[in-house]
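In full-length UniProt numbering, the protein residues as written are 1 to 311.
Warning: the hint list may mix true and false statements.
In the DSBU-like style, the derived pairs of lysine-lysine whose C-alpha atoms are separated by at most 35 Å in a straight line are [unchecked claim]: (1) K109 <-> K239; (2) K109 <-> K122; (3) K59 <-> K122; (4) K234 <-> K109; (5) K109 <-> K59; (6) K239 <-> K122; (7) K59 <-> K239.
Across the chosen pairs, the derived CB separations fall in these ranges [as the list claims (entries may be wrong)]: (8) L128 <-> G250: 48 to 56 Å; (9) P138 <-> N246: 15 to 23 Å; (10) N262 <-> K59: 26 to 34 Å.
Hints are computed from structural coordinates only; laboratory data are not their basis. Backbone N, C-alpha and C fix where the C-beta goes; we use that ideal spot for every residue, glycine too.
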Amino acid sequence: ACSIPTLRHLVHQLTEGSKTMFLTRVESRHERCQFPGWVVSHHHWHSLDNGHSYHFSHKNATLRITREHGPTEMRLVCHHIVANSTTVTLVAHATAGCKNGFICMVFHKRDSAVIQVQQSNKMVQDPLEACIPPFTDPYLMSSPVTLITVSLPETRCPLAGQYIASSGQATWALPSDPDPLCHSNTTVSISCFASPNAITFQTCSSESSAVYNCHGTWSDNRTTYVIASPVSRKSTDAKRYCFILNQRNGYMTLHRLSDSCNLSANRITSPLNLTLQGSCSENSASKDSSALMLPSILSLNMALVLINIFR
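Start from the sequences, fold in the hints, and give me the full structure.
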């Protein structure tokens, strides 16, 4: 931390003349602004990997970013709003250790309990320069940080249907206790049957599956993002994941990330290539019709047996 004494009054006696000049330090002031309402509706957020916490003051004008179990990394005060919508751009005065200046921040509303934030990496002394090029060029802005609330509600998963992995299995998609005799491709059920808020990865054994509950979703062009948590978690599993689904040329790729929703910021992952097998209702109807046909088939077989006996 920076240990610079605060000078309230500095008296400078001129060497010539009898005049005394009094210099009074004036604290820097910011234009009155508040962080977006849909951001401060939750005063406490944390990153997807639980590495950082974002705490907004009750007056909605100050943000403190801290490491998990660590000291404050940065203190930010809202200076003025540049653009306001579901994506809000604002200038903030930042203090980090002995450094201070103005930065540009961009907040993206993704779902009721999910937001993303970006900030410029370089501080400037003129607030009018903070949110204009070159300081907002992609290479001078941070990658989007995905923030979630402490308590996440469940929500319906998008892209409902029954899918099959057409190019083998990704190890993370396998159930925690897979059937050693099962070698078929992984099937993926999204929002099907009695689990509208779940994504289920299943091998050929109906007793072996990995289930994730959905907590938030949004789309950008042809890419869909889903925040999900495993229902049954191993010690090595993360508490939350970001599923990234890309639709292209009749199939869909599915990635699973644990630290962000940004593929470019992560090491190469092993995605699943999924092919749609049918809607949930079609598969449900097929199962129901099979169940209804079974008694009729049994009755017919029994009748044929009796006819042969008494012939």
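Status of the hints after comparison with the structure:
A distance of roughly 22 Å separates the Cα atoms of K109 and K239; the hinted pair therefore holds under the 35 Å criterion. The straight-line distance between the Cα atoms of K109 and K122 is roughly 24 Å, inside the 35 Å bound, and the hint therefore holds. A C-alpha spacing of about 26 Å is found between K59 and K122, which places the hinted pair at or below 35 Å, so the restraint holds. Under the criterion of a C-alpha separation no larger than 35 Å, the hint pairing K234 with K109 is consistent with the structure, at around 31 Å.
For the hint pairing K109 with K59, the CA-to-CA distance comes to about 20 Å; that is within 35 Å, so the pair holds. Using a Cα cut-off of 35 Å, the hinted pair K239 and K122 holds, with the two alpha carbons roughly 32 Å apart. For the proposed pair K59 and K239, the alpha carbon gap of about 31 Å is at most 35 Å, so the pair holds. Taking the beta carbon of each, L128 and G250 are about 50 Å apart, inside 48 to 56 Å as hinted.
The hinted range of 15 to 23 Å is satisfied by P138 and N246, whose Cβ atoms lie roughly 21 Å apart. Distance hint check: the CB atoms of N262 and K59 are about 31 Å apart, consistent with the given range 26 to 34 Å.
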